[in-house]
Each structure stands twice: as structure tokens, then as C-alpha cells.
Amino acid sequence: MAETDVVIDFTQTDEQQMLRELVSKWLGDRSESERVRELMDTEDGFDTAEWAELAEMGLLALPVPGELGGAGMGWTEVGVVAEEMGRRLLCAPWLSSAVLATAALLHVRGDVADELLGQLAAGERRATLAHRPDHTEVTFDGSTVTGTAGFVVDGVTADVVLLAVDHDGGTALVAVDAADLTATPLPVLDLTRKQAELAFDGAPATVVASDADGVLERAATVGAVVLANESVGGAQQVLETSVQYGRDRKQFGRAIGSYQALKHRMADTLKHVEAAKSAAYHAVRTLDTDDADETLVASAIAVSYCGQVYEQAAGDNIQNHGGIGFTWEHDAHLYFKRAKSSKLLFGSPTTWRAALADHLGF
Amino acid sequence: MAETDVVIDFTQTDEQQMLRELVSKWLGDRSESERVRELMDTEDGFDTAEWAELAEMGLLALPVPGELGGAGMGWTEVGVVAEEMGRRLLCAPWLSSAVLATAALLHVRGDVADELLGQLAAGERRATLAHRPDHTEVTFDGSTVTGTAGFVVDGVTADVVLLAVDHDGGTALVAVDAADLTATPLPVLDLTRKQAELAFDGAPATVVASDADGVLERAATVGAVVLANESVGGAQQVLETSVQYGRDRKQFGRAIGSYQALKHRMADTLKHVEAAKSAAYHAVRTLDTDDADETLVASAIAVSYCGQVYEQAAGDNIQNHGGIGFTWEHDAHLYFKRAKSSKLLFGSPTTWRAALADHLGF
Amino acid sequence: MAGSDDARVAEALDRLLTDHPPADTPHQDFWGAQFDAGLAWVQFPEGRGGLGVNPRFQAVVNDAIVDAGGSISNRRNNVLGIGMGAPVLVTHASEEHQDRLLRPMFTCEEIWCQLFSEPGAGSDLAGLATSAVEEDGTWIVNGQKVWTTLAHIAKWGLLVTRTDPDVPKHAGMTYFLLDMEAEGVDVRPLYQITGEAEFNEVYLDDVRIPDEHRIGEVGEGWSVAMTTLSNERVAIGSNIPERGDGMVKHAVAAWQEHGGDDPVARDTLTKFWIEYEAMRLTSIRANANRKAGNPGPEGSTGKLHWADLNKAVTEFGMDVKGAAGMLYPKGYEFTAPEASGTARDESLEQLYLRARANSIEGGTSEIMKNILGERVLGLPGEPRVDKNIPWKDVPRG
Amino acid sequence: MAGSDDARVAEALDRLLTDHPPADTPHQDFWGAQFDAGLAWVQFPEGRGGLGVNPRFQAVVNDAIVDAGGSISNRRNNVLGIGMGAPVLVTHASEEHQDRLLRPMFTCEEIWCQLFSEPGAGSDLAGLATSAVEEDGTWIVNGQKVWTTLAHIAKWGLLVTRTDPDVPKHAGMTYFLLDMEAEGVDVRPLYQITGEAEFNEVYLDDVRIPDEHRIGEVGEGWSVAMTTLSNERVAIGSNIPERGDGMVKHAVAAWQEHGGDDPVARDTLTKFWIEYEAMRLTSIRANANRKAGNPGPEGSTGKLHWADLNKAVTEFGMDVKGAAGMLYPKGYEFTAPEASGTARDESLEQLYLRARANSIEGGTSEIMKNILGERVLGLPGEPRVDKNIPWKDVPRG
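Chains as they are written, first to last, in the numbering used here: chain C, 1 to 362; chain P, 1 to 362; chain V, 1 to 397; chain L, 1 to 397.
Read the hints as simulated data drawn from the structure, not as lab findings.
Only a predicted model underlies this, so the values are computations on that prediction, with no experimental measurement involved.
Hints may be right or wrong, so weigh each one.
Listed below are the simulated DSSO-like cross-link pairs for lysine-lysine, each with C-alpha atoms no more than 27 Å apart in a straight line [claimed, not checked]:
| # | chain 1 | residue 1 | chain 2 | residue 2 |
| --- | --- | --- | --- | --- |
| 1 | L | Lys-392 | V | Lys-387 |
| 2 | V | Lys-387 | L | Lys-387 |
| 3 | L | Lys-249 | V | Lys-392 |
| 4 | V | Lys-249 | V | Lys-330 |
| 5 | L | Lys-249 | L | Lys-330 |
Only some residues are given here: those of chain C computed to face chain V with a beta carbon under 10 Å [stated by the list, open to error]:
| # | residue |
| --- | --- |
| 6 | Ser-143 |
| 7 | Gly-147 |
| 8 | Phe-151 |
| 9 | Arg-193 |
| 10 | Gln-251 |
| 11 | Phe-252 |
| 12 | Gly-253 |
| 13 | Gly-322 |
| 14 | Lys-337 |
| 15 | Lys-340 |
Glycine is no exception: its CB is placed at the ideal position from the N, C-alpha and C atoms.
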């Protein structure tokens with residue numbers, strides 16, 4: 001891992017900037033606080049009409065090759081979109097379908113995968129991936145799967161569930177139709193991102209790829225890094241909310257943001273949020289390279305650090321708001337819960353750090 | 001370890017209060033900053049005349065029975081004295097002779113030990129103990145010792161060095177005369193507490209006790225707990241120094257202690273210092289009981305927590321003073337270095353916590 | 001003198017415990033007898049629940065009752081009355097009010113709440129805007145109060161209002177007893193991060209209060225309110241948890257269920273356990289020093305310390321749970337519990353959310369640090385821009 | 001326009017590197033040629049070491065010189081001249097002074113220092129008290145300056161004085177060039193926590209400065225000083241460490257020597273390594289955005305972030321060393337090193353002590369947070385008690 005071989009390039013293309021503005025504008029119309037609260041109270045947790053709009057804008061298949069119906073861009077662009085979505089807590093099965101399942105399918109490719117990628121891109125179907133091997137217990141007998149998978153993101157609403165299964169001494173990626181499994185919604189802390197426990201009882205499974213070694217590792221890395229970018233969006237948003245409240249809210253005849261207690265806390269948040277952005281932006285760029293070592297290093301940095309920074313920023317945001325920040329009606333708690341859930345979704349920061357420490361020879 | 005069996009009693013006797021005042025007054029005369037700086041620049045690091053005064057006041061043998069020339073008090077009183085000494089960074093081989101060696105000798109007792117205790121009490125001799133088994137490599141052949149011992153407190157100036165050695169399948173406590181060993185001063189971070197590396201080359205060794213199991217554990221526990229009490233004294237002192245500077249020093253036309261950045265930091269220090277005092281006071285009281293379990297628990301709490309609190313308070317004290325706090329001429333760095341050295345003298349906080357975690361079944 | 005007070009308390013206590021064995025007497029009956037014995041608030045005058053002795057004897061009384069199998073839970077369940085309302089009444093209210101109100105307060109027959117905070121006046125309590133205007137011996141009150149615990153079950157409210165907006169803020173306030181059943185009082189649950197509503201918003205719409213329910217003089221509301229708040233610390237009192245109890249217990253449980261062999265989490269858990277025990281020892285030390293008549297700074301740091309640590313340890317506990325830390329098994333229920341969340345023994349998940357308020361309620365940690373810095377350490381205050389100008393001219397929002 | 005500037009810079013750079021191959025040219029000669037080529041401060045006028053183009057080209061120039069095996073160490077070794085003095089001279093000084101001073105400054109033939117801070121004026125620079133009184137075209141200066149790096153080897157000092165104590169503090173200051181060899185200038189080493197003296201105290205005792213060495217008008221000293229300070233950030237510039245380099249490297253080394261198999265320390269070490277790398281990436285991102293003409297907040301957080309982390313990681317590193325962390329092997333030597341401690345590559349022990357100053361020097365972390373909060377985030381300032389009153393009436397101490 002010689003430093004000189006590592007490419008670190010923070011260039012933002014005009015295309016990325018346009019994409020950011022497009023998404024930001026759409027979210028402004030579709031994901032204001034009231035709408036988030038409507039959707040988070042539904043069991044499905046999203047709106048199919050809005051999903052169709054995302055498909056139309058090409059946001060469901062950014063890194064998918066053009067010949068499959070995708071935008072032919074990269075994960076870097078997915079990161080830009082995730083960051084904006086994180087700012088607005090978009091309620092939609094985007095992380096599961098457009099990121100996790102898409103990353104798994106792009107890893108294996110082949111006819112079955114490509115056909116499904118096309119359907120996902122078009123918004124015709126939604127997929128998810130059982131991405132936690134520590135909570136997945138399934139056996140595959142060549143044509144059906146039996147077992148359970150926990151903490152499956154959007155597991156209730158996905159049309160198709162992808163599973164990595166032991167097969168022929170290796171790993172196969174198989175797809176199970178929603179109709180052939182039982183999905184039980186989990187009582188999630190973060191109502192804006194649904195999760196489910198899935199049960200398979202001899203469910204018919206289509207082999208997407210019989211040689212899918214490393215598919216879960218790749219998809220989890222992609223998912224975690226994209227989520228890190230979403231998290232810096234959320235952290236930036238709560239910082240801005242705190243700053244605005246610090247300007248507006250007055251106690252003892254002064255704006256509360258004029259007090260060092262709050263001002264310095266926000267300065268510390270700024271410091272961490274800027275560093276977290278750097279980590280997230282670099283990590284998502286490595287996903288578009290072939291540099292496996294740097295992807296490992298950059299992912300571990302981004303995932304462990306951004307998770308912590310968001311959690312801290314979202315907690316501080318509650319404190320910065322005083323009493324109102326603790327109420328259900330204020331959005332502060334939604335970000336706080338999203339932050340915690342995001343920190344844990346792909347394993348704890350300690351786990352990611354341990355992988356890095358191994359790699360660095362510590 | 002049922003809670004109901006644990007005695008927690010913070011009563012301060014009038015005797016303890018008088019002792020505190022006596023020591024505080026003596027230190028005010030003998031350990032002002034200038035004097036500390038004079039002594040720390042000497043190789044011996046203390047003044048024999050002052051040592052005689054300590055002996056006269058009975059401060060060298062507080063927990064030693066009256067019939068041996070001691071004060072017949074307890075370790076609780078030693079803690080009171082240590083706290084006051086910590087406030088003033090007294091330069092004297094008190095921790096080594098009146099605490100570590102004394103604790104070892106009180107643990108074994110017997111004729112040889114009792115005679116030495118009497119000499120220590122009278123200030124006729126000074127002893128120390130090689131208290132770090134991880135840095136002690138000595139063999140005992142029944143009459144002489146050979147090997148080395150590192151990080152021996154006041155190893156250069158002690159008249160006699162106590163060693164715990166393997167003997168007859170158990171542990172013996174032996175004493176080596178200063179004339180029979182080679183002591184090399186260590187380049188210490190904290191100039192106010194001297195340490196040495198000792199070398200023994202067939203040095204004649206007197207057996208103090210041939211059955212001295214647990215002597216190092218006991219002496220190290222006593223030493224660490226007394227040091228925790230010294231540390232809360234130091235932490236209290238740096239807090240008071242910061243507060244005074246916060247009142248006096250003005251920038252932008254205001255006392256700097258009126259700014260929340262400093263005020264809140266000092267409030268946090270206060271919070272930790274008060275908790276550290278509670279931990280230290282309780283722990284030193286367990287040394288005067290037979291409750292081995294509670295001694296273990298209370299020691300681990302006090303040693304690991306007080307070490308951290310002092311380090312943090314002493315570092316914050318530098319920051320609270322701005323530029324002047326970073327100069328050699330200001331005392332802030334002396335406390336900072338004492339804090340670090342104290343945190344490490346009896347093993348790291350992590351080690352003490354691990355012992356507690358084992359005990360609690362975590 | 002002190003000796004004779006000692007004897008009087010001991011004698012009254014002995015008689016109370018003998019005549020009304022706490023373990024066999026219904027709580028409410030016992031509390032009534034305790035009031036009649038002058039052992040409710042020992043520092044109060046005789047006939048008003050006290051004996052006119054040093055308040056430090058109260059801790060002795062409370063401990064003795066608990067040791068004898070009795071309960072002092074009234075102090076918690078009606079904390080705003082017993083802890084804060086009573087000293088106000090005994091200092092400022094009429095004889096009739098004292099006779100009428102103190103005993104049912106102590107027995108919990110009548111629950112009390114406190115109507116101080118407003119949406120625009122949180123830390124800056126003296127900035128409050130709820131107006132009271134006198135018309136023919138009756139005060140007409142309009143405004144909104146918030147963070148009022150127990151308002152939905154309370155009979156009486158302690159209310160501070162703005163009666164003169166043209167003088168500096170501390171000078172224009174007046175204090176009232178509010179009958180919570182009066183017309184125009186609208187209590188609405190205020191749902192919080194947990195989905196529960198421990199607190200209420202109270203809307204006051206042309207509420208009429210007779211002048212005889214005014215406590216203290218017109219314009220003296222701030223000093224009356226200070227009587228209330230200065231008793232808060234005493235009210236919170238001396239409840240020492242068992243070793244290892246409280247929020248750290250839940251983190252230990254999470255560790256035991258989910259921790260596996262992660263040595264990093266184990267060390268962090270031990271660090272928390274240690275700091276909780278150091279805080280607990282500090283409470284014990286503070287109680288001992290208070291009883292010995294020698295209170296020090298150790299009695300003032302607890303609120304800040306527990307708040308910080310409660311937030312941190314529950315955050316950590318959720319992490320220890322791993323994927324399960326993404327769940328909220330009880331669901332968000334939108335109910336109004338009878339007691340405050342920190343008093344109940346709930347799940348880690350709920351405590352994790354509930355603890356966010358520990359550093360806000362009862363004085364934010366920022367205000368606590370100001371107080372510790374200024375009143376305990378003696379550091380100077382900040383320049384004030386809201387003094388000596390009419391309340392109506394102070395920037396608000 | 002930008003296109004043609006691009007071309008001019010590229011051409012001048014190409015010629016410089018061709019005519020004076022950096023790897024084979026003595027540093028001082030190369031820097032002289034660089035000055036003559038207008039590539040010392042590209043934004044300065046031609047003939048004054050510049051080309052009159054956008055300063056962002058300087059980063060391109062510097063990178064090219066380093067890539068070609070040259071040195072830009074003059075920027076660090078004479079940082080107070082090249083980074084801060086030069087912009088002041090080019091903005092405020094006479095033609096003669098510019099001609100005389102800029103080139104030897106850039107080549108490091110003449111070292112510069114800055115005489116701003118005083119014992120009573122640290123964070124509050126504008127509170128300074130060193131007086132300058134005019135007598136027949138000469139200024140008589142008396143006072144004490146402190147924290148002056150390089151004063152013991154400097155030829156020139158940038159000096160701010162108080163010339164009118166009867167006006168508000170920002171209005172009564174005047175700026176001078178001080179010949180450090182003048183009579184009455186007494187430079188004394190200021191020993192610090194490490195026993196070294198990187199800094200000096202400078203005593204000024206009836207020092208005479210000719211009026212022609214005044215920079216800017218009488219009473220304009222503050223705005224001239226601001227020219228200096230606003231260039232500080234540019235001066236500190238774009239030096240990006242290698243991955244894993246800097247203070248964390250020493251903690252890693254301590255871990256490798258002493259860490260053993262302690263999993264807790266291993267995780268903490270990794271956490272530090274990660275945060276250092278995140279900061280380093282932020283510096284790279286800040287440079288990229290600056291070069292693209294699009295600087296953002298990422299360029300302002302570094303000072304604060306490094307300061308905090310440098311203190312924490314060295315503290316941790318000492319702990320990892322265990323008993324050896326109680327030692328200071330090099331001893332306390334009371335010497336005055338040539339360069340600043342953070343620039344040199346020293347032992348962990350020394351860096352541990354030296355890092356204590358990182359959050360004080362060049363703006364305390366408290367001041368940095370005020371700046372980030374107010375200038376970057378747009379939060380309101382605090383009430384000021386030292387404005388609009390004569391300097392002599394402002395409380396000091």
C-alpha cells in the first residue's frame with residue numbers, strides 16, 4: 001500500500017454538480033418534513049408514484065451500464081445522490097434496490113443479473129439483499145431455499161430478495177420472489193428506513209450467478225460507503241439546522257448561537273463534518289477503481305468515522321435546540337434515529353476499524 | 001460482593017482534619033514553587049533536613065503501630081497527607097519509603113521488618129521497593145541477589161531496597177543495602193519524583209520474610225491508592241489555579257473566566273474532581289479494612305479514574321492559561337508531568353479496569 | 001440548642017413509627033400522620049408539617065422511615081408540590097391557604113404542577129410572556145406554558161406571569177396559585193422523542209384567577225419563584241441507587257447478551273461502570289457532608305454528571321446490541337405515562353431516547369455549568385444585555 | 001484573460017526550471033532566480049517577485065518546484081517574512097523599502113520576526129500596550145513583546161505599538177519595521193515545557209525607530225496588522241503530509257514497540273490513524289478546491305482539528321509506552337533550536353510536550369472556534385465590553 005500508488009482526486013465534475021442540484025430540487029418538492037412523517041407512518045414506508053419519478057430521472061441505476069437501461073455513471077454519482085437524500089431523510093427503498101441489490105448484481109453480471117438490473121433501472125421491480133451474514137441462516141438445495149434472514153432493508157416491499165448461499169463449495173447468488181417468502185416488519189428505531197425479518201420455507205430460488213464469491217463483501221462495502229455519504233448529508237443538515245436555530249432563538253436577550261457553549265460545539269461539529277465529507281467522498285471514489293487495497297482502507301475510514309460523526313452531530317443538534325429538540329414534532333429526533341441506525345446497519349465501527357488495523361499491520 | 005456488605009463511610013475525624021491542616025501548613029512553608037524547582041534540579045531530589053522534619057511530625061510512619069515508633073493511625077490518614085502533598089508537588093521520597101516500603105513491611109511483619117519499620121519511622125533510614133514485577137528480573141540464591149530492577153522510585157537515594165524474589169517455591173521479601181547495588185538515575189519526565197534503574201551483581205540480601213506471598217500486590221495496591229489520593233490533591237490544585245487565573249486575567253476587557261469556553265471546561269473539571277475525590281477517599285478507607293473484594297473494586301475505580309481525571313485537569317490547566325501555561329517558568333507543566341507519571345507508575349488504567357472487569361464478571 | 005432539637009426530632013420520630021408502623025399503615029394514612037407529627041418538612045413551623053428545626057434533620061427522618069419499611073415516594077410523586085410548592089406556601093401564602101393546602105399536598109391527595117417555562121422562555125425563565133391583567137380583583141391570564149409534568153393529573157399549578165411589561169424583566173412578574181380545573185385551562189400532551197407524553201403544554205385562555213390566589217406582592221413573582229427553585233435541590237434529595245444500578249445496568253445487560261468477547265466494548269463498559277460508581281460515591285459523600293452540616297461542591301455536580309453519562313452509556317449500550325440496536329421493540333405508542341421516564345425502569349432502547357432530555361430538563365447542562373462556574377467556583381458572569389431595560393424591549397424569539 | 005495568465009505562469013515556470021535546475025542549484029540562488037522570475041509571490045506586481053496574477057497559481061508553482069527536486073523550505077524557515085511580512089510591505093511600504101527588503105527576505109538572507117503578542121495581549125491582540133511616542137521624526141518605543149519566534153536570528157521585526165491610548169483600542173495603534181539590531185532591543189529566550197526556547201521575549205527599552213520605518217499611517221496599525229494576519233492562512237499553505245505521517249506515526253511506532261496484544265489500545269490507535277487520515281484528506285480536498293477557485297469551510301477547520309488530535313494522540317502514545325512513558329530520554333536541555341518544534345521530527349516524548357502549545361499558538365482553539373462559528377457558520381458574536389471606550393479605560397490584566 002505505497003502512498004504513491006493511491007489516487008486521491010476530489011474533482012467534482014459539472015455533471016455531478018448538475019445531478020446534485022437536480023436531486024436537491026426534487027427532494028425539496030417531495031421530501032419536506034411533513035411528507036417524511038406521512039410516509040414513515042405507513043407500513044410500506046414509501047410512495048410508488050415517487051419511485052416512478054426516481055426511475056424517470058435515472059436515479060435508480062446510476063452505475064448501471066447504459067445498454068442495460070442504466071445511466072452509465074459510477075458510484076461517485078451515487079454518493080452525490082445519497083448525500084442529498086440523507087439531508088432530507090428520503091423515505092424510499094433506494095438503498096436496498098438501487099445500491100445494495102444493484103451492487104450485488106453488478107458484481108456478478110450475466111443474463112439473469114442483467115435482466116433484473118434492467119427491471120430495477122426502469123422501476124418495474126424493486127430488489128433487496130440479505131446483507132447481514134451474521135443474521136442470515138439459509139440453505140439452498142439447488143432450487144429452493146429454507147431459513148431466515150434478519151435486518152433485510154425494505155424486506156417487506158421488495159419484489160425480489162437476493163441471497164448469497166453456499167453452493168457447490170462456493171457462493172451462489174439467488175433470487176426469491178416476494179410471493180414465495182414471509183416478511184415480518186421489524187419494529188425499527190428509525191421509522192424512515194424499514195427493515196424486515198424474512199422466512200423462507202422451501203421457497204423457489206432462481207440462480208442469478210452460481211459463482212458469486214465475494215458478492216456480499218462487495219455489496220456491503222458499496223452499501224456502507226454510500227450510506228457514509230448519506231450520513232455526511234444528514235450531519236451537514238443537522239449542523240445547518242442548529243446554526244439557524246442558534247441565530248434565531250434568543251434567551252437572555254441574545255441569540256443563543258452567540259454563546260460560546262453552543263458556538264464552540266457547532267465549530268467542533270463543523271470540523272468533524274468537513275473531515276467526514278473528505279473521508280466519504282474519497283471512499284466512494286475508490287468504488288469506481290480497481291484498487292482493492294485502497295477501497296478497503298478508504299471504506300473503513302469513511303464508514304467508521306462518518307457513522308460516529310453523524311451520531312454525535314445529531315445528538316448535539318437535539319441539545320442545541322433545548323426542549324423543543326426533544327419533542328416528536330421537531331425533526332431533530334428523526335435524524336438522531338437515522339444516525340444511530342446507519343451507524344449499525346453494516347456492522348459496528350469497531351469491526352470496520354479492526355479490518356483496517358489488520359490491513360495496516362497494527 | 002453483595003452491596004449490603006460493603007461499608008462506605010466518608011466520615012472525616014477531627015484528627016484527620018488536624019492532620020490535614022498540619023501538613024498543609026508545613027507544605028506552605030516548605031514546598032512553595034521556588035523550593036520545588038530547586039529540589040527537582042538536584043540529583044537526590046529532596047532535602048534531608050526536611051525529611052527529618054517529616055519524621056518529627058510523625059508523617060513517615062502514620063499506619064505503623066505505636067510500639068514500633070509509628071503513629072498507629074491508618075492508610076486513611078496517609079491518604080489525607082498524600083492529597084495535601086499532591087497539591088504542592090512535595091519533592092521527597094515519601095511515596096517510596098513511607099508508603100511502598102512501609103506497606104510491604106507491614107504486610108510481612110516479623111523481627112527484621114519491625115526493626116526496619118522503626119528505623120523508617122524515625123527517619124534514620126529510607127527504603128524503597130522494586131514494585132514493578134514487569135520490569136524486575138532478579139534471582140535470589142539464598143544469600144545474594146543478581147539482576148536488575150527498573151522504575152524504582154527514589155532508587156538512587158534509598159538506603160535500603162526491598163525486593164520480592166522467588167524463594168522455596170514461594171515469594172520472599174529481601175532487603176539490599178544501597179552500598180551493595182548500582183543505581184542509575186532514570187531521565188524522568190516528572191523531575192519532582194526521581195526513579196532509578198538498579199543493578200544487582202551478587203549483592204548480599206537480608207531475608208526480611210521468607211513467606212511473603214502477595215507482598216507486591218498489597219504494596220502496589222496501597223501505593224496506587226495513596227497515589228490516587230495524591231492525584232486528586234493535584235487535580236484540585238490545578239483547578240483552583242485555573243479558577244484564579246480565570247478571575248484575574250482579562251482579554252477583550254473581560255475576565256477570561258467569564259467566557260463559557262473556560263467556565264464550562266472548569267465546571268466539567270470540578271465535576272470530575274469531585275467524583276475522583278469520592279473514589280480516592282473510599283478506596284483508601286478500604287485499605288484499613290479486611291474486605292479484600294471491596295479493596296480490589298475500590299482500588300480499581302480510584303486508580304483508573306483519578307489517573308485520568310488528573311491528567312485531563314492538568315492538561316486543561318495549561319490550556320486555560322494560554323501561552324504562559326506552556327512556559328517553563330509557570331508551574332502548570334510540573335503538574336502536567338506529575339499527572340502523566342502518576343497515571344503510569346502502577347500500570348495503565350486499562351490494566352486496572354481489566355482486573356475490575358474480571359471481578360465483576362464482564 | 002442543637003441537642004434539644006436532636007431530642008425533639010428523635011422523640012417525634014419514635015412516636016410516629018410506634019403509633020403508625022410504616023410497614024403496616026397505608027401510605028396515605030402514614031403521610032398524614034407524618035405531617036401531623038411535624039416530620040413532613042421538619043424546618044417548617046409546628047402545625048404546618050414541621051418542628052421548626054434545622055432541615056438537615058429531614059434526611060434522618062426519611063432514612064428512618066425507609067429503614068422501618070415505610071415509603072417516601074410521595075416526595076417523588078408530588079415533587080413539584082412537596083419539593084417546591086410547600087416552601088413557597090409556607091413563606092408567602094396566607095394562613096388559610098397553608099391550612100387548606102399543605103396536608104393534602106403531602107399525602108398526595110392533591111397533585112401539584114409548575115407553570116413556569118414557556119416556548120419562548122426556557123433557560124431564560126425570567127423572559128416569560130404569559131400575561132396577567134387585573135380587572136376588579138380578578139386576574140385575567142393569557143399565554144402558553146410548556147414542559148409541565150403532571151399537569152394532566154394536577155389539582156394545583158404554581159404559575160408565574162408577566163404583569164408589567166414596561167419594567168425590566170425580573171421586576172414585572174407576579175406569582176399565582178392556579179386551580180387546574182378552572183375554565184380556560186387547556187392541558188395537552190406534548191409527545192417527545194419516545195412517542196410518550198410525560199410533559200404537557202398548558203394553554204391559558206382568559207383564565208380568571210381571584211386575587212386571593214396571588215402569592216406575594218404584584219411584581220414580586222421572580223423572588224417568589226426563586227424560593228421555589230432554590231428548594232429544587234433539596235427536593236431532588238438523597239436517593240442513592242444501589243451499586244451498578246441505573247442506566248449502566250442496562251448497558252451491562254446488553255453486554256452480557258450481545259457483547260461476546262469484544263475486549264474494546266468490555267473496557268468501555270468497565271469505564272462507564274467505574275464512573276457511575278464514582279458518581280454514586282459522590283452522592284453518598286454529599287449526603288454524609290450534608291448530614292454533618294458541612295455541604296460542599298460535591299453536592300452540586302450530580303445533575304450535570306448523571307446527564308452526560310446517562311446519554312453516553314445508553315448510546316454505548318445500543319452499539320453493544322449490534323444490529324438489534326436498530327430496533328425499538330416496544331414501538332412508538334403515543335401514551336401519557338403516570339410517572340417521569342427517568343423514574344421508571346424501562347428498556348435500554350427507551351432509556352436511550354429518554355436520556356437525551358437529561359441534559360435539558362431541570363436546567364440544561366449549559367446552565368448547570370454556568371451555575372457551577374459562577375456560584376461554586378466563583379468565576380465572573382457574562383456581560384448581560386437584558387438587564388435594566390423594559391421587558392418589552394428585550395430581544396426575544 | 002485567465003488563459004493568458006495560465007500561459008504566462010507556465011512559461012515563466014518552464015524558463016525558471018530550465019535555466020536553474022532546482023536539483024542542481026543552491027537553494028538561495030534558486031530562490032533569487034525564482035524571485036526575479038516573478039514566481040515568489042505570483043500575485044505581486046512584476047519586479048516585486050510576482051506577475052500580478054491570481055494567487056492560486058502559487059500552489060501550481062510550488063508543486064512544480066518540489067516535483068523538480070527543488071525546495072520551498074524558505075516559506076517555512078522565514079514564514080513570518082514571506083508569509084506575512086511580504087504582503088504588508090507590498091501593500092503599505094515605500095518603493096524603496098520594497099526594493100530593499102523583499103528579495104533578501106525570499107532568499108532567507110534576512111530572517112523576519114513578528115512583534116505582536118504581549119504578556120497582557122494574547123488572544124486580544126488589539127489590547128497591546130507597547131508605547132511609541134514621536135519626538136522630532138523619531139519614535140521612542142517602550143514595552144515587552146512575547147512569543148516571538150526567530151527573534152534571536154531575525155534581522156527585521158514587524159512591530160505593532162500603541163500610539164494613542166485615549167481612543168478605542170483598534171484606533172490607537174501604529175505599525176513599524178523594527179531593525180532587530182537597534183539599540184535597546186533585548187531578545188531573551190523563553191523556555192517552554194520542553195526545556196527548549198523556540199520563542200523569545202523581546203524587551204524594548206527606549207528603542208528609536210525612524211519615522212520612515214513606519215508602515216501605514218499613524219493610528220492605522222490595526223488594519224496593517226490585519227493585512228499580515230489575513231495572509232497567515234495562505235502562508236501556512238498547502239503542505240500535505242504523507243499518509244500516516246506526523247504525530248500519529250510516533251504513536252504507531254510506540255504501539256509497535258510496546259503495544260503487545262492490547263486490543264483496546266489497538267482500536268484507539270486505529271481510531272487516531274483514521275481521524276488523521278480524514279484530516280489529511282480534508283487538506284487535500286481544501287487544496288483542490290482552492291486551486292479550482294472554489295474554497296469552502298474545509299479550508300478553515302484544519303488548525304483546530306490538528307491541535308486537538310496532536311495533543312490526544314501523543315498523550316495516548318505515551319500511555320502505550322507503559323512505564324517508559326514516564327521517561328523523557330533526551331532530558332531537559334534549555335537550548336534554543338533553529339526551527340519550530342512542530343516542524344522538526346522529534347521523539348514522541350518531546351512532541352507530547354510540544355503539542356500542548358498547538359491549541360494555543362497561532363490563535364488558541366477557543367479563538368479558532370469563535371472564528372469558525374462566526375465567520376464560517378455565521379453565528380452572532382458575543383456582546384463586547386471593550387468597544388467604543390478609550391483603550392486606557394478597558395480592564396486589563
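To test your reading of the hints: which numbers does this structure violate? Hint check: 3, 6 and 7 fail, others pass.
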